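A.B. asks: These protein sequences, in sequence, are chains A and B.
By numbering that gives the first Met the number 0, the letter at position 64 of the first sequence is numbered 63, and the numbering carries on one by one without gaps.
By numbering that gives the first Met the number 0, the letter at position 542 of the second sequence is numbered 541, and the numbering carries on one by one without gaps.
For the record, the hints were derived by calculation from the structure and aren't laboratory data.
None of these values were measured; they are calculated from a predicted model.
Possibly wrong hints are sitting among the right ones.
[Unchecked claim] Part of the chain B face toward chain A, derived, beta carbon under 8 Å:
#	residue
1	N203
2	A348
3	Y361
4	R371
[What the hints assert, rightly or not] To be clear about the criterion: a stretch of chain B counts as covered by chain A if any three or more of its residues have a C-beta under 8 Å from a C-beta of chain A, and this derived list gives those stretches:
#	segment
5	362 to 369
6	389 to 400
7	420 to 432
Every residue gets a Cβ at the ideal spot worked out from N, C-alpha and C, and that includes glycine.
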Amino acid sequence: MVSLLAVLLFAVGCAAQRPKKDVRYQLAESLLEIVKEFQRYLREDTYRFPARKDPSGVNIYKATIARLEDYERKHPGEYAGIIAHTKAMAYERLHEYGKAVTSYRWAAELDPRLRPQAEERIEILEAMKRLAEAPIPSGDPQEHLTALEERAKAWRELGQRYRGTVYESLAKEEEERMDQAKVAFLKRMRSTLAKGDELVIGAFVELIAKHEESKHFDGHLLEFGDFYAELAKEYVAQQDPEGLSFDWRKFKELEEAAFKLYVQVAQRDGTLEKQEAKGKLEALKAYSAKIQTLYQ
Amino acid sequence: MRGDGRLKLRVLEGRSWILRVTGPTPISRLWSLVVSVGIGFVLIFTPTPQGEGAALETWNGCPECLTDRLLEPLAEGTPFEGKAPLPHFFPDEISQRVKEAIIDAYLGDVRALRDHYRFFQAKDQELRKAKRPVTGLADDLFDLLANTIEDRDRYLKAQRKALALAEDPHQERLIRWRIQEDELNRADSLTKDTTINKAGRLLNHLLRALDLTGLLLGSLYGSALYGPAIDSALYTALNLDVLNSYDGREQRALSLYEAFLKRHPHSPRVPEVQKKIQKFEEKKRKALLAEALKLGEEAEARGDFPEAAFHFQQALILDPESEKAAEGLKRCRDHEQKEKAAIAKALSASPEQIPSQEREGYEALLLAVTTRDPDRMLTEANRFLAQHPQSPLVDAARDVKALAYEIKGARHEAKKALQEIVTSGRSPTAQGRARLLLESPDYDPLRGLEEAQRQYRKEVIRYILLGKDFVRQHLPYAVTPLILQGVSAVTPLGIFLLLGRALNLYQVLVENPIPRTRIIEEAEKYLRDHGPSESHFGEVCEILATAYEKEGAYEKALYYFQLSGRAEEKKIAALKEKAATALLHLADETRERSRKAEYLGTVLARYPDTEAAKEASRKLLEGARNEGLRFSKKFLMENPRLYGWEGLRLKASLFDGNVKNGEIADQGVILRWPTLLIYFKTEDGVQWRFYAIEDETYQRTALLLREILRERALAQFQNGNGGSSPRSKLPWILLEPALRPNPLPPTGEVASFEFLGQGEDGKDGKRWMPKIEGSFSTRGLNGEATLPPTPWGTLFSIGTYNANPYGALQFPLLGSFLPIDLRLEGRPTHIGLFPSIRTVNHQSVDDDLTE
Numbered sequence: 000m001v002s003l004l005a006v007l008l009f010a011v012g013c014a015a016q017r018p019k020k021d022v023r024y025q026l027a028e029s030l031l032e033i034v035k036e037f038q039r040y041l042r043e044d045t046y047r048f049p050a051r052k053d054p055s056g057v058n059i060y061k062a063t064i065a066r067l068e069d070y071e072r073k074h075p076g077e078y079a080g081i082i083a084h085t086k087a088m089a090y091e092r093l094h095e096y097g098k099a100v101t102s103y104r105w106a107a108e109l110d111p112r113l114r115p116q117a118e119e120r121i122e123i124l125e126a127m128k129r130l131a132e133a134p135i136p137s138g139d140p141q142e143h144l145t146a147l148e149e150r151a152k153a154w155r156e157l158g159q160r161y162r163g164t165v166y167e168s169l170a171k172e173e174e175e176r177m178d179q180a181k182v183a184f185l186k187r188m189r190s191t192l193a194k195g196d197e198l199v200i201g202a203f204v205e206l207i208a209k210h211e212e213s214k215h216f217d218g219h220l221l222e223f224g225d226f227y228a229e230l231a232k233e234y235v236a237q238q239d240p241e242g243l244s245f246d247w248r249k250f251k252e253l254e255e256a257a258f259k260l261y262v263q264v265a266q267r268d269g270t271l272e273k274q275e276a277k278g279k280l281e282a283l284k285a286y287s288a289k290i291q292t293l294y295q
Numbered sequence: 000m001r002g003d004g005r006l007k008l009r010v011l012e013g014r015s016w017i018l019r020v021t022g023p024t025p026i027s028r029l030w031s032l033v034v035s036v037g038i039g040f041v042l043i044f045t046p047t048p049q050g051e052g053a054a055l056e057t058w059n060g061c062p063e064c065l066t067d068r069l070l071e072p073l074a075e076g077t078p079f080e081g082k083a084p085l086p087h088f089f090p091d092e093i094s095q096r097v098k099e100a101i102i103d104a105y106l107g108d109v110r111a112l113r114d115h116y117r118f119f120q121a122k123d124q125e126l127r128k129a130k131r132p133v134t135g136l137a138d139d140l141f142d143l144l145a146n147t148i149e150d151r152d153r154y155l156k157a158q159r160k161a162l163a164l165a166e167d168p169h170q171e172r173l174i175r176w177r178i179q180e181d182e183l184n185r186a187d188s189l190t191k192d193t194t195i196n197k198a199g200r201l202l203n204h205l206l207r208a209l210d211l212t213g214l215l216l217g218s219l220y221g222s223a224l225y226g227p228a229i230d231s232a233l234y235t236a237l238n239l240d241v242l243n244s245y246d247g248r249e250q251r252a253l254s255l256y257e258a259f260l261k262r263h264p265h266s267p268r269v270p271e272v273q274k275k276i277q278k279f280e281e282k283k284r285k286a287l288l289a290e291a292l293k294l295g296e297e298a299e300a301r302g303d304f305p306e307a308a309f310h311f312q313q314a315l316i317l318d319p320e321s322e323k324a325a326e327g328l329k330r331c332r333d334h335e336q337k338e339k340a341a342i343a344k345a346l347s348a349s350p351e352q353i354p355s356q357e358r359e360g361y362e363a364l365l366l367a368v369t370t371r372d373p374d375r376m377l378t379e380a381n382r383f384l385a386q387h388p389q390s391p392l393v394d395a396a397r398d399v400k401a402l403a404y405e406i407k408g409a410r411h412e413a414k415k416a417l418q419e420i421v422t423s424g425r426s427p428t429a430q431g432r433a434r435l436l437l438e439s440p441d442y443d444p445l446r447g448l449e450e451a452q453r454q455y456r457k458e459v460i461r462y463i464l465l466g467k468d469f470v471r472q473h474l475p476y477a478v479t480p481l482i483l484q485g486v487s488a489v490t491p492l493g494i495f496l497l498l499g500r501a502l503n504l505y506q507v508l509v510e511n512p513i514p515r516t517r518i519i520e521e522a523e524k525y526l527r528d529h530g531p532s533e534s535h536f537g538e539v540c541e542i543l544a545t546a547y548e549k550e551g552a553y554e555k556a557l558y559y560f561q562l563s564g565r566a567e568e569k570k571i572a573a574l575k576e577k578a579a580t581a582l583l584h585l586a587d588e589t590r591e592r593s594r595k596a597e598y599l600g601t602v603l604a605r606y607p608d609t610e611a612a613k614e615a616s617r618k619l620l621e622g623a624r625n626e627g628l629r630f631s632k633k634f635l636m637e638n639p640r641l642y643g644w645e646g647l648r649l650k651a652s653l654f655d656g657n658v659k660n661g662e663i664a665d666q667g668v669i670l671r672w673p674t675l676l677i678y679f680k681t682e683d684g685v686q687w688r689f690y691a692i693e694d695e696t697y698q699r700t701a702l703l704l705r706e707i708l709r710e711r712a713l714a715q716f717q718n719g720n721g722g723s724s725p726r727s728k729l730p731w732i733l734l735e736p737a738l739r740p741n742p743l744p745p746t747g748e749v750a751s752f753e754f755l756g757q758g759e760d761g762k763d764g765k766r767w768m769p770k771i772e773g774s775f776s777t778r779g780l781n782g783e784a785t786l787p788p789t790p791w792g793t794l795f796s797i798g799t800y801n802a803n804p805y806g807a808l809q810f811p812l813l814g815s816f817l818p819i820d821l822r823l824e825g826r827p828t829h830i831g832l833f834p835s836i837r838t839v840n841h842q843s844v845d846d847d848l849t850e
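Just chain A, with the same shape it has in the complex (with noise of 0.2 Å):
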């Protein structure tokens, strides 16, 4: 008995694993199996989650207009008030405010039953589409500063006029955008304004307060560990850590400030930033440790 479980045993370790069957790709039957899937994986809060793929992986607004285009290839003219709708549907979740506005006209003219809905949709997109196009000064700094500001304001009241409905959703992230837009040009500025570096700082405190429940959140704390990472090459950059000007302790502020914004993404896990978190914070290691070996 021992003896044959012996063998049993050793029988099982030499067994493999069998392939499993993949059944992701499926084309569509019908125009109605376009449009069900559409509505099964369409989210209303884009702000706080990504957005869906499909069963092959394809993001599900890009995977909707590229089979509706594809049906009206094939059946030229039919359900062309459904198909208008749809897509518009589609466009204004990938922020296409002028795209979902013309579809919504489209669907309202060919098909009467539809008109209420789009009417009512075009309007809002409209104010939409009036701010993301409208022009922000770019001249004097301030002023550039100013404008965004204001107009993250307006996204803001947009989102709260339109609130429980997707559009609060994309006017949270047109605002977070603004906000995103406000780092980046004081980053870019930061050498040519007083306090450039705590502006940048507070800029990024601000977005990361106010966007705590954003899909992005992990991306701007990695972004403002980026910005600690890059002053403390900076800094290393300007004064020769061989050199005895170097302040050990001024880097060290720098680099820790930066390895804690890192280790809360890489700490949290399931999510898409982890792995990019966890490079960043090997990278940063390997480099104080370099600065370390050059210092002393």
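Put chain B on the given structure of chain A with help from the hints.
C.D. replies: The following block gives chain B in isolation, referenced to the frame of chain A:
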């Protein structure tokens, strides 16, 4: 306020008030003392304070002897020596000559230096003849001369000569270090070590079958050795790949050879070194290629084609001719093309033909779905199903119902509609899609987590049954009995395997060898996507908490147990204790005070009700009082320059063991500019006192400390403990502020570190103990203890070999001359003597450069 005396008030154990008197001058201290004695008497007759401050401080001496503590613990009043006169070692002529020699060295005047060297040689001879103290500077001059040589070979030759002349042990150590630090010498030494280690480890397995006592007696000691010989040969054959591996020492050797070429491009040894570099580069290329191919194949096997393509591409960069890599990459590219084609197909729409009688119903369905109106969707779907029960669009209509229920949040009904398609659908495509949906996280949110749990259980069972590397672990032990004993060996082999499984089971229960990473990731994902209102929320929190607990992440475990609302108070309390204890351990492990304080503070803030918090509180208070650079008495006594006139200028009588004339306690002193805290050993116990010190003293001591640390590092290097480079990261960094014009950094942060004598450190304290290592596995119990280096034994080991227990003492055959040891091994049947190749165990401190 540095000119003023200082007065500090402390509450001790809720019963006594303590006044601490400090001041930079005796007058200011005296004035403060008078004031403090006055206040002290007032306080003695004041009611005893109660509350928070009462338990904060403890006194190591007697708490009740207030007046004693107000008085100087030293009879003589000051622990410091008076100002020392400037050192004057030599007569002016010698002093002048030394200055000239230094200037000549800077100017690179070798001839003048040679003259100075001859002068000091002659001078010392003359003094020796006159039986007067010699200058002892001749070897220093030779060293100065030797350091002007740029050519490597001549430089090393001169260093060796300087080594022969060196009388000062410190200088000897320094020269030895210089010789060994030479890139080529280090690289050669590392190469030699690697060859010995790789071949030695393999050969030692073969040599274990070679009993010298048998050979000495003129026989091969019977068949008892055949079994071990087969085992050893098999083990060696299975591990032959070790010889071609490219390890860290070789990486370091390669970088050192390259550094040598850069530094000495005209050395006659350049062609020889270039050949070595070529050899290593080739080895490195092969090793990297094998690694890249292995990673590529592993990624391909688990279906991660982008990752596999990355590794195959890397392999092709290393070897553009590699067929394996090219084929692997082609497979990945083909798969990518197929996937792209599949996606392109999936993004197109198939032509549809709706029968005219169904068109109206179909349009109504389409419109309902487009407007996302669930009630209308249900109405239209039901109508369509009733009107066209035989239509090919029946599955689509059922799916519209499922979607409507989804939008309404009626997940159960939606599931039922989809299941209907799976069981009685007309189109296999529709059935497949419905099945896919049912398996998706939307319909089965726990699927990913359950799959991860299943996978974990499978891995655990696999580990229990097969261990980590079944073939490599078991083949040598299975083949020998089968060859020697035939079929009759199967039963004992079975028992042996069963015992092995039991040991693996034990490891699973105790050591947690299989990580729960995937369970954690899936559970985190679930919690991120689903709110607390989900029915499985508590269950998932509990699973996640348990996984974190098993992985030792107690804080996260605690968080999720609390979030689950399912854990009992007792469980939460136990976890809090575990989390706090883990932080306490972290605090104990670091000697960097700021980090230590951070850990202890976290314990107090997060787990105030635990036993560990009490301990943290005690340690935190102790740490706050000891902030600064602490030198234990033993450390000071081991480095008398530090407390002598070159450093702190403390009286030597404080170290003579006589308490009556003042004696420093074991705690030593704490230097924190602008004060020095001294612990005194008195008849009433340990007392402490602050003294003001001058900038000059602080700076001087800090510089001297750097020198001492350097000497320590050199000594460690000589003893083989410090690896190849004498560096000790932390103290250098901590001392850095001391070298600045203003010793205190602007943040007010204090360089905090403990300098302990030999054996005072927890780790050093165990040095008298042999280093013990061991394992308990399917092969049995194995352990070895490294003994202090003596001719009588360097290693003691016990264990099982070929299913027989043994105990062995290893000793060098010819000291360090030949890297071969002998093992005197006692087995139940006999005592044998076995040869063994001595492997090199020291670790390079430069591993970070080669990883």
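A.B. asks: Output the numbers, in ascending order, of every earlier hint that fails for this structure.
C.D. replies: 1
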